[in-house]
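*Asks:* Given next are the chains, with one letter for each unit.
Number of protein chains: 2
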Amino acid sequence: MSETGPTEAWTIRETTLTPDAPHTAPLRRSESVFALANGHIGLRGNLDEGVPSGMPGTYLNSLYEDRDLTYPEAGYAFPERTQTIVDAPNGKLIALTVDGERLDVRAGTLRRHERCLDLRAGTLRRDLEWVATSGAAVRVRSTRLVSFAHPSVAAIRYEVEALDRPVRIRIDSDLLANEAQPDQRDDPRASAVLDAPLRPLSHSPEVLLHRTRRSGIEVASAVTHRGTPVSTSSEPDRIRAGITTTLRPGTPLRLDKFLAYAWAEPDPVGKALADRDEAAELGFDVLLERQRAYLDDFWAGADVELDGDPQVQQGVRFSLFHVLQAGAQAGPHPIAAKGLTGNGYDGHVLWDTEAFVLPVLTYTHPACVGMALRWRHRTLNEARDRARELRLAGAAYPWRTIGGAECSGYWPAGTAALHVNADIAAAVLRYVAATGDEEFLRECGLEILAETARLWCRVAHADDDGVFHIAGVTGPDEYTALADDNLYTNLLARQNLLGAASHEGLLRAAGVSAGEIRDWRQVARGLHVPYADKRAVHEQHAGFTSLREWDFEQVKDDDYPLMLHFPYLNLYRQQVVKQADLVLGMMLHPEEFTAAEKLRNFIYYEARTVRDSSLSAPVQAVLAAETGHLDLAHDYLAEAALLDLRPGGESSGDGLHIAACAGVWIALVQGFGGFRDQDGRLSFAPRLPAHLPRLRFRLRHHESRLRVTVTPERATYEVTGDQITFAHHGSAVTLAHGQSTTLPIEPIETRPAPPSPRPPEARRPALRSPGLTG
Amino acid sequence: MSETGPTEAWTIRETTLTPDAPHTAPLRRSESVFALANGHIGLRGNLDEGVPSGMPGTYLNSLYEDRDLTYPEAGYAFPERTQTIVDAPNGKLIALTVDGERLDVRAGTLRRHERCLDLRAGTLRRDLEWVATSGAAVRVRSTRLVSFAHPSVAAIRYEVEALDRPVRIRIDSDLLANEAQPDQRDDPRASAVLDAPLRPLSHSPEVLLHRTRRSGIEVASAVTHRGTPVSTSSEPDRIRAGITTTLRPGTPLRLDKFLAYAWAEPDPVGKALADRDEAAELGFDVLLERQRAYLDDFWAGADVELDGDPQVQQGVRFSLFHVLQAGAQAGPHPIAAKGLTGNGYDGHVLWDTEAFVLPVLTYTHPACVGMALRWRHRTLNEARDRARELRLAGAAYPWRTIGGAECSGYWPAGTAALHVNADIAAAVLRYVAATGDEEFLRECGLEILAETARLWCRVAHADDDGVFHIAGVTGPDEYTALADDNLYTNLLARQNLLGAASHEGLLRAAGVSAGEIRDWRQVARGLHVPYADKRAVHEQHAGFTSLREWDFEQVKDDDYPLMLHFPYLNLYRQQVVKQADLVLGMMLHPEEFTAAEKLRNFIYYEARTVRDSSLSAPVQAVLAAETGHLDLAHDYLAEAALLDLRPGGESSGDGLHIAACAGVWIALVQGFGGFRDQDGRLSFAPRLPAHLPRLRFRLRHHESRLRVTVTPERATYEVTGDQITFAHHGSAVTLAHGQSTTLPIEPIETRPAPPSPRPPEARRPALRSPGLTG
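Each protein sequence line maps, in turn, to chains V and L. The numbering of the first sequence is this note's numbering, which starts it at 9 and goes up by one. The numbering of the second sequence is this note's numbering, which starts it at 9 and goes up by one.
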């Protein structure tokens, strides 16, 4: 984030600010990067004093407002409403006045500036020296945390010190509702909602109570201060605590601020006050300790170490930290695509969660996976209603939502992506296989599996030869929508159907007929897997390889992402791929492809994939590694690991790419680690490029913990907890508690002059910026 | 329209009103049916007194307002604005007050009511007797016309008579701008535009001047009265002429009102006043005479007579009259889908015009076809810009527009229907071949042909075998969008390419390279014509016959139209056809199919076509007739002929289906008459069902006029003007001026037990209502 200093393994540090351009992308991005969250509440990394700000943000999971969707030309079952995450009352605000001048980094002199996100402490620390126009110099230090241990609680320690001479200061510590938002939306109706989303119901110097105007969700925001006596006042949208005093050098002032939020509860005010009081009673230092303890435990089970690439080392920890922040305490709410770091995608949940985030958490922090899938179960009725509305069967999970209702306003890249159903089913199957959580399976998983299977059974149809087809759906690649027999969709639908059928005993007991389960198996086994004989590759969908080849010559560098410069009309009918689709299918279903097919497919699609989605690079890294192209894998890994940290990563401004963060783990563990999990059977085929001396990662599986250390020559497996069996390059290994083994890495078979996978020239993996350091 | 009385051949008569439900569909529909227009201006058939009203409407061709389009999820090249026809100042209003009570058919007693649309006189006559609450009885007669001879002029003769005793009356004759509209739009932004579209600029008792708020079109509306002295006043949105007098029985009062409009002109006020004065000077009777003379000439060249079916006889004349009203004086503006009878489709022009309306006018009233196609030429630059925006080549004509810019808000059923380009090119080729209008060809036609050909050349791509494909486009059938190798599109694109290339000499002279023209021919000849061997039928698009069969069992009667009850997701991927698509291709390109193929194809698609578009029945009638299913052809003909006249035809409320009106002629002349025109070579294969004794129709071709009389046994051809050669059931016939010939009808070959075409059970041709009479 800064211009100087070495990449640090456990911190993200910023030492410069460009405060003169208050709404520029760098500031917005830093607010996302420095966001703190625990899955339940999230605070963007706004400056304590609130200005300058790219976009203020305080998010409470699933505190959303309803908003009408209107269409130039309406269509049946086009959703009429969407849900938009709203900015909750902002408790981060602590304004400082020095000699009558408000501290603003754009005025006076900023003598020193540092912000540091500490991935082990779970805090955002700030340290600045500022000289007012009067010449009075102060040092301000703040430490902010959003508590993993106390999910409703955030706290800030704020310290001010006079540096050269006594100074008169005033501190205004605010909890502010309906804060002004930057007007950056194209759609004026969206802005209207976001401008003042909360109707005030009551206020006191302790707590504000608001209600969202249309969705009717009540939210209580409580605040208190410790350390220094404050005078407080309240109005409908603000609680203010003030201190006016004279500071002498050497005697800093310290103020601890405790915030608690409660919403969608029977008694939000009571709950918020109780949580606030508990936090204040424990005190800031105890919250800090518990924060570190929580993270110590997380890192013990989840840390990934990579020697030889300090940028990626930092990137993977940063990414895992944000994945944890998105998911740790999300239950009973969902894990959104941006976590709680920004209002991008309106705060919606996408398939990203089940396809990228939950797999990582399944092996590193499985408790929150069960919660996230229970949320899907809680919204099953909305999915059933949607299936009925679509004249389908079972459940049709929404493409994007907060509360469960479909909020997608462009159906060819929304509702038509039926694969979200199978992605959810796959996450259920993976979680149950990896944890053995039978209670979840009985209470939630079975019903999800059965209802999603029913959708596929209705959607698929048999041709004259009894081969089943799924026509007119959209796979992960949104540049080729409404296609027939999307291979990814068919493979995942098959898994969905067979996975549901695999629990036949429980399902029969729950009243599902034998005939229905037989149908699932029949459809699953008959589903078409399109293959182009002429090209000797699998087809992303039936006919894909017969489409016109995309003319990369006509595309200028600033024509990416293509969807902003070419019409769908043009993209859909050509061989150009937004993101790994068939390649993701090969990662998730390696058993369907021979090694030679994987290589040929990878080379073919590599040349046609423009990676206009952040979900692509990690998957391409995995298949590059599997097919022996370790340098390319490393490049894609680096692209993924630095996505949100790279200067100029402007798309991070409205929130981090949480699924891409999970993708960094996937690129390392499934790529270089060669990790796969097929129905609970774990396997590894690790392989490191020679210039990376060591990779170490950790996995949880049932009651086992596995630590894997890979060097270019060999891999060491160490087990604690229950005995576990897995495969190393195809050979079975069984290790009990305390045992370890070191095995050689099998060299990948070198074919005579193999063709290399090559991405399109203009879409080589992103180069690292020399300015990018920790 | 009425409950009683025989079907009349030359009039549409209404003798009852249901005035107590002012906004109901019947009233709205009658306003469309009784609309008067000349292509330049149009007046809906609102009652003179303005109330009750389904929707007031005065339309000036291409007087539109701009309106923003916003999308829940925007996409590249999604149009950001649309154009909406606005309601121009209403000069139809003549309010009568009798003994202090306003005449309103909902109050007092309506003793007699009759409205009559006279298809030869070109007038709407009204005759009513009304008794006020006071007991005073009056007779009111009005005659309204929109002049074919004087395109800017409308006129009304209004007569009031006291019936039993002298009555005190007051007449307020208004020209009223920004009249209140019924609030029936889903989209509040549309209502806002339509509520007060015109900003007043100046006013006098002679003329109002307004300007549309965003599109900035100035419109002058002038009025004057003759027959009785009036006192006039004006305000920004109204000119009022008043008469207060006492009427004695036997001495009716007569008022002639003359209106003239001018817009999008350098001096609209001067033009409107001049046209008004000219009309007033000629007087109402002369306008009536010229109206009849214009129509006598039209009917002499266009009338279709059908003995044995008075409903269809009336329907075809009604339909031809409205086609004429839509197109007669449209130039330099387009012919909209609803003509000038309502604001449906926002007043937009669709492909309907070139594919249905212009073919009919080409053979009946060709002068206005040249004008309509010159409008397409005038908007060629917008089409070029659109092609560039779409990253295509040449021109991409809009799916819907008024002024030339694409206004479609749902691209899969809009922009993706590239066939509109070929439909326009086909209309150009047909018009030039049928008229020999070389001036049009050189000035406009060539450029249209070349630019549309360029689009196809860019869109098509060759496979490994050199076969050309057009992928991911939408044909006429909007229930199967974004399909590969839509057969209709490919056939029309081929015609477009070869038709352009056929003018190679002129094009070369205009600078088009030989290489480019060679490319057009190569692509044209290589275009794929999809055929399903297994089913032994052509495919609507590649793979159509492999899609899931539509389950008609699950569809309830009130599930039609399907698009209002099933998602596109579901419709697109099943074998269900909204409207004739491949069947339309067979009508336009009979040379591509053997008779046996036509029969098999027709039967196959007949079983899958739900006719949710009014453009379908006429085409199905043509192919039913061609394949020898004359009763089915008659049923479809009747459905088409009665579409806008049938009680309950609620979709006519916002304007008539002008293309379907043209379709009635097509069903008769191309169906029973078996008329085809291939590159100027005319052919007939007439065939009448035994229960219809006689069909007679007229055609113009260059300087020839041909009258064809068909009976079940024989056909008689009579020629005036230049000599003409055509085919009768495949045999060449040449006739010179004054000559005629009578030839036997070839019986259609009866195969052993041929399968019959059957529409889906629930979608049999519409039954005639017993209440439907003229």
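In case anyone wonders, no lab produced these hints; they're calculated from the structure. Do not take every clue at face value.
Pairs involving identical chains hold if they fit within one copy or between any two copies, as the list cannot separate such chains.
[Claimed, not checked] The calculated lysine to aspartate or glutamate pairs, modelled on EDC-like cross-linking and capped at a C-alpha distance of 20 Å, are:
(1) K542 to D471
(2) K606 to D74
(3) K542 to E605
(4) K542 to D473
(5) K564 to E397
(6) K564 to D620
If you're wondering where the values come from, they're calculated on a predicted model, not measured in any experiment.
*Asks:* For each hint, tell me whether it holds in the structure or not.
*Replies:* These are the hints, each one checked on the structure:
1. K542 to D471: Close across copies (11 Å), not inside one copy (23 Å); limit 20 Å.
2. K606 to D74: Neither: 45 Å inside a chain and 53 Å across chains, both beyond 20 Å.
3. K542 to E605: within (14 Å within a copy, 31 Å between copies)
4. K542 to D473: between (22 Å within a copy, 11 Å between copies)
5. K564 to E397: between (43 Å within a copy, 15 Å between copies)
6. K564 to D620: Within. Shortest intra-copy distance 14 Å satisfies the 20 Å Cα cut-off; inter-copy 44 Å does not.
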